[in-house]
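Participant: One point on numbering: in the working numbering, the residue at position 116 of the first sequence is 121, and numbering is uninterrupted.
Don't take every hint at face value.
Simulated crosslink set (PhoX-like; lysine-lysine; CA at most 20 Å straight-line) [unchecked claim]: (1) K7 <-> K53; (2) K64 <-> K53; (3) K136 <-> K23; (4) K117 <-> K34; (5) K33 <-> K117; (6) K182 <-> K23; (7) K23 <-> K189; (8) K136 <-> K122; (9) K28 <-> K182; (10) K34 <-> K182.
Hints in this document: simulated from the structure, not taken from any laboratory.
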Amino acid sequence: MKILSRDFYERSPVEVAKDLLGKTLMLKKNSGILSAKIVETEAYFGQKDPASRAHTGRKPYNQLMFLDSGKTFIYMVHGNWLLNIVAHQKGSVGGVLIRAIEPLQGTETMLKNRHVKEIRDLTSGPGKLTKALDITKDLNGIDVTDRDSELIVIEEQGEDFEISSSHRIGVTADLPKNLRFFIKGNKFVSKA
DNA sequence: AGGAAGATCTACT
DNA sequence: GTAGATCTTCCTA
């Protein structure tokens, strides 16, 4: 098991968003281990990105995006916690939103956290996956490169896959670029 | 005090 | 498949 290092996150959010696809998210809880494969992400920048939390400048609640890469940045939107990982070149600002995952380990626990019939609906959206994994603000700012953290990201050999991209989902003001990336054909991607 | 926000669920045509 | 209500912070006035 290899944990992704700090350098991995100290690159452009776009590169990190693409490279996070296929990696494994692992959550160590008292009740056991939950893990899932990342299948959909979006890149966000700083001031120049109108959809970014950091767009209006540094504030107490968004300062994590300005600080260390490789840490979580979790915030609430429409009653849902959304999970981001801070990623940017040193001295820059940015992050990657985890939009969808595929459950690997602890599926029963996730099903208990959410009332759905279809496994497909369990984690196929940014607010869904945080509920399934029981991620809240308590985990805000933790270091996903530290093996002692409750939440880490690990590199694992998986099958080959093809990456598709699109505009970002649900944002009121997007940039004229494709900043959303997902594994082509994966069932857990929130939207084709 | 009020409203917007990177969404989800439910109930319809 | 699309539309509308509602979810809970944190910012801005």
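Participant: For each hint, tell me whether it holds in the structure or not.
Facilitator: Verification of the hints:
1. About 34 Å separates the Cα atoms of K7 and K53, which puts this hinted pair outside 20 Å; it is violated.
2. Proximity of K64 to K53 is assessed by CA-CA distance (about 16 Å); at most 20 Å being required, the pair is judged to hold.
3. Between the alpha carbons of K136 and K23 the distance comes to roughly 24 Å, so the proposed pair goes past 20 Å and is violated.
4. A hinted pair counts as satisfied when its Cα atoms are at most 20 Å apart, and K117 with K34 qualifies at roughly 15 Å.
5. With a C-alpha separation of about 17 Å, the suggested pair K33 and K117 falls inside the 20 Å cut-off, and the hint holds.
6. Annotation: proposed proximity of K182 to K23 holds, straight-line Cα distance about 14 Å (limit 20 Å).
7. Straight-line distance between C-alpha atoms of K23 and K189 comes to about 12 Å, which keeps the hinted pair within the 20 Å bound.
8. For the given pair, K136 sits about 15 Å from K122 by alpha-carbon distance, which is consistent with the 20 Å threshold.
9. Between the alpha carbons of K28 and K182 the distance comes to roughly 24 Å, so the proposed pair goes past 20 Å and is violated.
10. For a cut-off of 20 Å, the pair hint linking K34 to K182 is broken: about 38 Å separates their Cα positions.
This entry does not satisfy hints 1, 3, 9, 10, going by the numbered hints stated previously.
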